Amino acid sequence: MHFTKDHEWVRLDGDVATVGITKHAADQLGDVVFVETPEAGKTVAAKDSFAVVESVKAASDVYAPVSGEVIEGNVALATSPETVNADPEGEGWFAKLKVSDASQLDTLMDRAAYDAFLATL
Amino acid sequence: MTDTPLKTTPLNAAHRALGARMVGFGGYDMPVQYEGVLAEHRWTREHAGLFDVSHMGQARIAGADAIAQFERFVPGDYAALKAGRQKYSLLLNAEGGIMDDLMAGKPDHDGLYVVVNAGNKDADFAYLEANLSGDAQLVVLSDRALLAIQGPEAAEVMAAHEPVLAEMAFMDCARLMLFGVDCFISRSGYTGEDGYEISVPNADAERIWNTLLEDARVKPIGLGARDSLRLEAGLPLHGHDIDATTSPVEGALTFALSKSRKEAGDFNGAARIATETADGPPRVRVGLIVKEGAPAREGAGIADLEGTVIGTVTSGGPSPTLGRNIAMGYVPPSHAALGTDLQVIVRGKPAAAEVVAMPFVAQRYHRKPKS
Chain A
1 MHFTKDHEWV
11 RLDGDVATVG
21 ITKHAADQLG
31 DVVFVETPEA
41 GKTVAAKDSF
51 AVVESVKAAS
61 DVYAPVSGEV
71 IEGNVALATS
81 PETVNADPEG
91 EGWFAKLKVS
101 DASQLDTLMD
111 RAAYDAFLAT
121 L
Chain B
1 MTDTPLKTTP
11 LNAAHRALGA
21 RMVGFGGYDM
31 PVQYEGVLAE
41 HRWTREHAGL
51 FDVSHMGQAR
61 IAGADAIAQF
71 ERFVPGDYAA
81 LKAGRQKYSL
91 LLNAEGGIMD
101 DLMAGKPDHD
111 GLYVVVNAGN
121 KDADFAYLEA
131 NLSGDAQLVV
141 LSDRALLAIQ
151 GPEAAEVMAA
161 HEPVLAEMAF
171 MDCARLMLFG
181 VDCFISRSGY
191 TGEDGYEISV
201 PNADAERIWN
211 TLLEDARVKP
221 IGLGARDSLR
231 LEAGLPLHGH
241 DIDATTSPVE
251 GALTFALSKS
261 RKEAGDFNGA
271 ARIATETADG
281 PPRVRVGLIV
291 KEGAPAREGA
301 GIADLEGTVI
311 GTVTSGGPSP
321 TLGRNIAMGY
331 VPPSHAALGT
341 DLQVIVRGKP
351 AAAEVVAMPF
361 VAQRYHRKPK
371 S
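Quick note, the sequences are listed as chains A and B, same order.
28 is the number that the UniProt record's numbering gives to position 28 of the first sequence; each next residue is one higher, with no gaps.
200 is the number that the UniProt record's numbering gives to position 200 of the second sequence; each next residue is one higher, with no gaps.
Excised from the complex, chain B in its bound form:
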């Protein structure tokens, strides 16, 4: 730990006024909970939860070469991405390790709008700044806050403010006037629920936050529930479930590898991805149900039935929705098949576990009907 003072988001005073318990996360002073993690988790699954995710990094990549340059470092086909759509992707280093995971989309006709993780944003932006060439400029949007509204009632809440938002499908994005100001909005999130992420000017963040909280269907949700919600949704947390040593194949994120880009092989780490796709990776991220005893958390060993340690849990905890302990971690592909019986080692004691499909809790995205 360093003595660097924590940064604050434009909603810091609002969190304190709501009685939030604050913690340091990604270099920011952030709310971990308001009324309690379990209550907030359940509220989001049943109603609508409002999250301050202003600690995340927002940027534009603009210029005639923006997409071609960006694609050197990510495996997604952004050239083919339609306007008004966004795509999950991975910022890869030269070895094919995941420097960060991100969302990038085309909300307007001005290049890409990108959202990256708080703890990585300085490194991500420095890397892009140093490596983008030609007519491609990184413009960091430090003048913007980011709100997420998530849950089965999120769409109705937002439609009450702007009816056109109901027409957006999962992974649609737009730039439009909301709450009287210039916003970027996408129908996406990090909970497995339907919902939106809304980028707003810093100066308007507290007003918009309070306006949304006036709706009885909406409650503020802290980072504690954000973590348990994303775990249930099977979504990896960078720095824990994936990191700069993990490839997209190991991370079970091959859905983020566009076919056209894999064939072209023209991005960081393409050779490693091709090799691991052909021969299998040395390890792969799997979901686990822990069938007895305590939750298995980050760092717990994963063993085969003979007790030989073959991997490590990268995140885990109780699933409030399932009432069971769930985890994700890495094992060799030989032990990654669904239904494989394994053990997790918690405080020196083995407990039965089984490889299961992720998400642990069904995602409820508002997907566009297949045309």
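So that you can see chain A by itself, here it is in the shape it has in the complex:
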């Protein structure tokens, strides 16, 4: 699993990347009340805002950690946004992307680097 400084995670399986927000991000947001995930077929570039997550207080953008084409958004989050709090790095995934350049993952942090990054916040 790889991580961004904006607190997204990405897990690569073949050329399919599953993307979500980290437990730290979910905890910071508090109760998630609304999630907007991208539709299949949409092309996104790394660092593009491609989803929205909303707590009671505010809406936050979610950025694509890597470039690619959306295969699937997690439509279950539309009716169960609280899954993002309950299992942010599992069932609370946001989207699956067909990655166009797997080498982009090399620019992201691994778990140890992300934990070290969190310790600086």
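Treat the hints with care, as some may be off.
Some, not all, of what chain A presents toward chain B, calculated at C-beta under 8 Å [stated by the list, open to error]:
#1 G30
#2 D31
#3 F34
#4 E36
#5 E54
#6 V56
#7 K57
#8 A59
#9 I71
#10 V75
Read the hints as simulated data drawn from the structure, not as lab findings.
On a predicted model such as this, the values are computed, not experimentally measured, just so you know.
Idealized CB from N, CA, C, for every residue including glycine.
Since the structure of chain A is already known, use the hints to place chain B on it.
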């Protein structure tokens, strides 16, 4: 944003000890949540929530001319207000814009006791200081903290400490000894629930806060839930839903305009209020239910069914009680009737909305029976 360090209330250490997440609000370092906004919101609706609102401004206006002078800047009839009662009002500028909304009451026989918003208090007090004349003195009570206890069990919690408090009705106020110290107390709040606001000496605030939290019916509630609770109650937040450009008529706060004062027309903005009352205001604050999609938040456009933008959302979000997205905002009176179908524009996408009555969630004040 400025680099001015945040001020703290006397309960800052208590919030941190409770594990609160702290944010800057109104120039103060304040708790936004403890266990979570939704849980705190629901606890307040079902039990009793305790809020630190010490960031708000407290003052006395004293002197023989206190009421007459105060009434130059507010549209409420404070001369007729009985001792032991308080009244919601609006501090108006010369153009009739709302500089702040406030509570002012007569807890004793020493003029008015006033509570104003944190972010406006310096400006409010400077304005009053500069403009009060004759025998009227503003005395800022910076030596006092302010607690609010709100919810259906708040009255029982407080009665356990002082039985006489059960006899107070909504908007009653008093000055009395509570927890062994000199307090101002009113039966009021900002959640739509029954409850009290209690002004206590700074030095006693943490002791009283902790004493109230010892009751299992009471939990600490942060500003996050305070905002979602007041939104459900249809109560405007100054600086968002009303501001110095908004008149009381536009703000749908005409209940705060006393009939006698409107007839006398002897206060800031009386001419504008008379004109807007007769001819209708250019815009008016309404409640909206958002029927689909994401919450519509401050800044979202409000459009008619043709897609023409006719107004703006001033606050909005999910209603934990209703399980629906609610908002308030401004539209022309032509589109303000209850039941009017409109759209809100969230991130460029229109979503169906409807004008509905406020409060969104019924208020449960402990009103005095009509005599």
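**Request:** For the hint on D31 (chain A), just tell me whether its beta-carbon gets within less than 8 Å of chain B.
**Result:** Since the shortest Cβ distance to chain B is 4 Å, the answer is holds.
**chain B contact restraint on A59 (chain A) - CB to CB distance below 8 Å** = With Cβ-Cβ at 6 Å, under 8 Å, it holds.
**Message:** Given I71 (chain A) as an interface hint, is its Cβ closer than 8 Å to any Cβ of chain B?
**Reply:** violated (23 Å)
**Prompt:** Quick one, is the K57 (chain A) hint okay against chain B at 8 Å, beta carbons?
**Reply:** holds (6 Å)
**Request:** Mind checking the CB of E54 (chain A) against every CB in chain B and telling me if the closest is under 8 Å?
**Result:** Check passed: Cβ of E54 (chain A) comes within 6 Å of chain B, closer than 8 Å.
**Asked** For the hint on V56 (chain A), does the least C-beta distance to chain B fall short of 8 Å?
**Response** At 4 Å from the nearest chain B Cβ, V56 (chain A) passes the 8 Å test, so the hint holds.
**Message:** Using the nearest Cβ pair, does F34 (chain A) come within less than 8 Å of chain B?
**Reply:** With a closest approach of 5 Å, the F34 (chain A) hint holds.
**Hint check, E36 (chain A) versus chain B [nearest Cβ-Cβ separation less than 8 Å]** = Result: holds, 6 Å to nearest chain B Cβ.
**Request:** With chain B as the partner, please determine if G30 (chain A) meets the hint condition of a C-beta pair closer than 8 Å.
**Result:** holds (6 Å)
**Request:** Please verify that hint: V75 (chain A), Cβ, nearest Cβ of chain B, below 8 Å or not.
**Result:** With Cβ-Cβ at 14 Å, over 8 Å, it is violated.
The structure fails to meet hints 9, 10 from the earlier list, while all remaining hints are met.
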